[in-house]
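There are 2 protein chains.
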Amino acid sequence: MDDLFAAHAALLKSAVAASRERGFWAAFPENPKAYPEGATTEAKAAFAGLRNKLFVLTAEDEAGPYVGAEVSPFGPVLGITYVARTVDDLVARAQQAGAAWAAAGVERRVGVALEILVRLNKASFLVAEAVEHTTGQAGPMAFQAGGPHAQDRGLEAVAYAYEEMARVPGAVRWEKPAGRSTIRLDKDFHVVPRGVGLVIGCATFPTWNSYPALFADLVTGNAVIVKPHPAAILPLALTVKIGREVLTEQGFDPDVLQLAPDTADAPVAKDLATHPAIGMVDFTGSSAFGGWLRETLRDKLVFTEEAGVNTIVIASTGAFAAMCANIAFSLSLYSGQMCTAPQTIFVPAAGIATDEGHKSFDEVASGIGAAIDALLSDPARAAAVLGAIQNPATLTRIEEARGLGRIVRASAALQVEGARTATPLLLAVEADDEAAYLEERFGPIAFVVAVSDAQDAIARATRAARQKGAITAALYSTDEAEIATAIPAYAKAGVALSVNLTGGIYVNQSAAFSDYHVSGANPAGNACMTDAAFVASRFRVVCVRRPAAA
Amino acid sequence: MDDLFAAHAALLKSAVAASRERGFWAAFPENPKAYPEGATTEAKAAFAGLRNKLFVLTAEDEAGPYVGAEVSPFGPVLGITYVARTVDDLVARAQQAGAAWAAAGVERRVGVALEILVRLNKASFLVAEAVEHTTGQAGPMAFQAGGPHAQDRGLEAVAYAYEEMARVPGAVRWEKPAGRSTIRLDKDFHVVPRGVGLVIGCATFPTWNSYPALFADLVTGNAVIVKPHPAAILPLALTVKIGREVLTEQGFDPDVLQLAPDTADAPVAKDLATHPAIGMVDFTGSSAFGGWLRETLRDKLVFTEEAGVNTIVIASTGAFAAMCANIAFSLSLYSGQMCTAPQTIFVPAAGIATDEGHKSFDEVASGIGAAIDALLSDPARAAAVLGAIQNPATLTRIEEARGLGRIVRASAALQVEGARTATPLLLAVEADDEAAYLEERFGPIAFVVAVSDAQDAIARATRAARQKGAITAALYSTDEAEIATAIPAYAKAGVALSVNLTGGIYVNQSAAFSDYHVSGANPAGNACMTDAAFVASRFRVVCVRRPAAA
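Here the protein sequences come in this chain order: A and E.
One point on numbering: in the working numbering, the residue at position 423 of the first sequence is 423, and numbering is uninterrupted.
One point on numbering: in the working numbering, the residue at position 280 of the second sequence is 280, and numbering is uninterrupted.
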């Protein structure tokens, strides 16, 4: 047993400071060049070595059933299987292992969590391979979002949880003046876990969206069961494996952190979530299942990130070309499969003022379409930006969406052998076509909506956020008074707003330690990664007091 | 508009420090002598002046309906009526007034809240009269618990909420290195309220149990509707009146803080709680209604303090007489009508070791009974300790409980003209009689339960806390190993434990800034006054970002 808290004290201190400053800070470099040479090659070999085998998570030889049917959106069947334990077995093991974990104390748990994060960082290239070949993210994004950015989000949650626990003193003497004497009590404050944590992963960002909850649960003393999406098990299996290795080395029962793989045909999430021993459920995915969790679970913490309709309002711009290029990239990145990707772009029907003179509604729409064409004109760049389509249903959705409006830019497949790909579909619609553009249409599908004017656009965008949910919103305007008026409306709608983005920063990007991801204040989700509310209820404090020895 | 944040900065700073240190600290003195001479006399006159009249809360002349049927447990009908607005009217006013309140900013809101607390402190004697003649608390307790202790609890919530909001920076510059250039964004973080807050008060501690939620809601930007118990409206009416005065003086619409009085026959709590605009509900009271709120309300924050069975385990003692005296006081204080009062006392059937030699089970039980007799032998002291019985149903409950076991000490009324009083009923029962002693029997009813041994006693006490809920527990033991083993069991059961209390400190006392009241970790309630979880979800953070000007 090492003093991992001391070993990682500087990392924690920096993370805590960064979470309060919220300027730019990252613990884990996003530049692949910052990692040892040969890491990519090694990772590719290691990934190949995992293929067509049982993924071994425990030291024991385990009987099945075995599950696992992952297929890379780039083509290959992964052929990896995993042991599927029963819900009762998983929960019993979590409770058994959780007792010593809860008793270990805040600093030991935080030390272990930090060590897991550092180990995960070393495994970033292998995790990236797993993310790429389950989610369809292109290699560079799979590395950044699946590796260092996810690790930073996990670290952020550790920092928040640590601060909330650290503000509870361990032991104090309470001395109350009582007339001529003093009443003295010794008080010990015990941080106690809430129950077993269940983290339900998604198919598009299995690590990035799971790490905050996973690490918040762990450090607050809760054993954790990770239920990956059946299409993206491997990234979380690698995560759990590394976590279990660290736990074992540090003298803990590795069942503090377990994997609960299942299949689309026999899902276990509901049985797990409703098990009385589960105290917290974190979920990223559909509003249907998120809503079911929120409706069904009583007296459990439920944190969700669900669907929403992210909007852009184009009222005017002083940089038309750069704006179109910026939006084109946001629509194309990972083929619109980010929960932060914009879908619905409001533009005044009479057109807008720009640095290139007046642009009609059609000119704005076709300007964005042309910018997408330009971005994707080089096949290699197109592949690197778009990646692949995670779920075949998304291709069907694109096909079905073609009839929802006037096609400004058609979707098409890339010429990449074996891969499931699609470029963005861009449709022009009228303001009345709410049934088209106010439903979340996950994937590379976007609408340019003709509205009365800028005010109408902002009203529609903020109403959509309030009613349908939204994680991001963008506004382009050269009118400072208009921006100033819009800001409180977006704030009230609980949606993060980006104003006049051009150049190398995009509305879909959410930086750990600075951007709050999901506000929790509209139907897109009730979780916020990461604020104090995300961590503070995962533990409880119990006081033991007794008269102080004289 | 004054700079109340600056005016009260020292108070806030001390409160924040105290909430982290959790040693003894109080902002508002509990000793009546610390207040101006004549304050009691003035308050009694002011209280008399409120009797048999409409309590005027607003500047407008308001049509009815009027409600109010408070009767002092000490005898007199108060004759005070209050304007009862409709649910829709209350909510519409809250939303209307809430916009400017939300926009006012953290420091202005905190300043206003602190000013309200200071004004409440000045009104402590009048509030005490109101508390005494609605709850039945004896004068000294009504003053302390209804006045300064309640104010301290409110201040504690302000301190926690302020710290959680203050950790969110207002504006930052985000500078990310990007190759040879730097991406610069200016980010503003907006604290946004959750919705209108509903605070449902109880009949026994109308101010103490409401102030934490009331002030936490207010400072986090939410307008608040206070729904008092029909039997204890006046203490919260006075509170709301003072709050509205400060709000008005500071340029806010006083409807930021409203009173929603109702009657037992036509309760409005359900209609209020389920109104879509209500974002948070805080409730103190029965498990039946608390459970209904937890089951019914979706996507709202619900904080409850409900029922429970508080236990004492007597395994052995080095101070038999002092222990009996201490327990006798805990059972007698406010006639057992505290949510922290013990009800069920486990004692080994074979008796226990004490400083006075071996004591049989019966000797322990009769020792406690005799200590109650001694405590209450002086009529004036008895009246000051017991106060009156808030609810006539409690007298019925005592009567019905007589048959539940062997009477060790009978309950009796005090000879106080007009007052509804009862001394503690103490019953001896067997371990099997769980139906008797494991139901909460609110009021001066207690059981001494014969169990196998100390281990059995601790197992039963902690199981009762886990299954039935408990806010407090006490343990008497001279065996340090036994205590050490017991502590984690109590911590796991989520119940605050007091060990070997004798002298002037009692298991039912919960001190602001030190004791966490209700852990939230067992069925006695899901709220904890006050931890970070109690405040952190009452607001949300929304980020607005834009490229920094070059």
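I should point out that these hints are in silico values taken from the structure, not numbers from a laboratory.
Some hints could be false.
Same chains, same label: a pair holds when it works inside one copy or across any pair of copies.
Result set (BS3-like, lysine-lysine): computed pairs, CA atoms no more than 27 Å apart in a straight line [stated by the list, open to error]:
| hint | residue 1 | residue 2 |
| --- | --- | --- |
| 1 | K122 | K492 |
| 2 | K176 | K122 |
| 3 | K33 | K241 |
| 4 | K13 | K53 |
| 5 | K492 | K44 |
| 6 | K176 | K33 |
| 7 | K300 | K270 |
| 8 | K176 | K13 |
| 9 | K122 | K270 |
| 10 | K53 | K122 |
Margin query: Checking an output row: K176 and K13, CA cutoff 27 Å. Within, between, both or neither?
Written below: For K176 and K13, the Cα distance is within 27 Å only across copies (20 Å; inside one copy 35 Å).
Checklist line | Copy assignment of K176 with K33, given that the CA separation must stay at most 27 Å | finding: between (60 Å within a copy, 17 Å between copies)
Next item on the list: Using 27 Å as the alpha carbon limit, work out where K122 and K492 are close: within a copy, between copies, both or neither.
Entry: neither (41 Å within a copy, 36 Å between copies)
Item checked: Copy assignment of K33 with K241, given that the CA separation must stay at most 27 Å -> within (26 Å within a copy, 65 Å between copies)
Margin query: For K53 and K122, with the copy left unspecified, which applies at a CA distance of at most 27 Å: within, between, both, or neither?
Written below: So K53 and K122 pass the 27 Å test inside one copy only (23 Å; across, 74 Å).
Notebook entry, point to check: Is the C-alpha distance from K492 to K44 at most 27 Å within one copy, between copies, in both cases, or in neither?
Noted result: Neither, since 47 Å and 46 Å both go past 27 Å.
Checklist line | Alpha-carbon proximity context of K300 and K270, limit 27 Å | finding: Classified as both; 14 Å inside a copy, 22 Å across copies.
Item checked: Homo-oligomer pair classification [K122, K176; C-alpha up to 27 Å] -> Result: close only across copies, 23 Å inter versus 52 Å intra.
Note to self: At most 27 Å between alpha carbons: which applies to K122 and K270, within, between, both or neither?
What the structure shows: This pair counts as neither: shortest intra-copy Cα distance 34 Å, inter-copy 54 Å.
Check: How do K13 and K53 come out at 27 Å by Cα distance, when the copy is not named: within, between, both, or neither?
Finding: So K13 and K53 fail the 27 Å test inside a copy (41 Å) and across (60 Å) alike.
Of the numbered hints given earlier, the model fails hints 1, 4, 5 and 9; all others are met.
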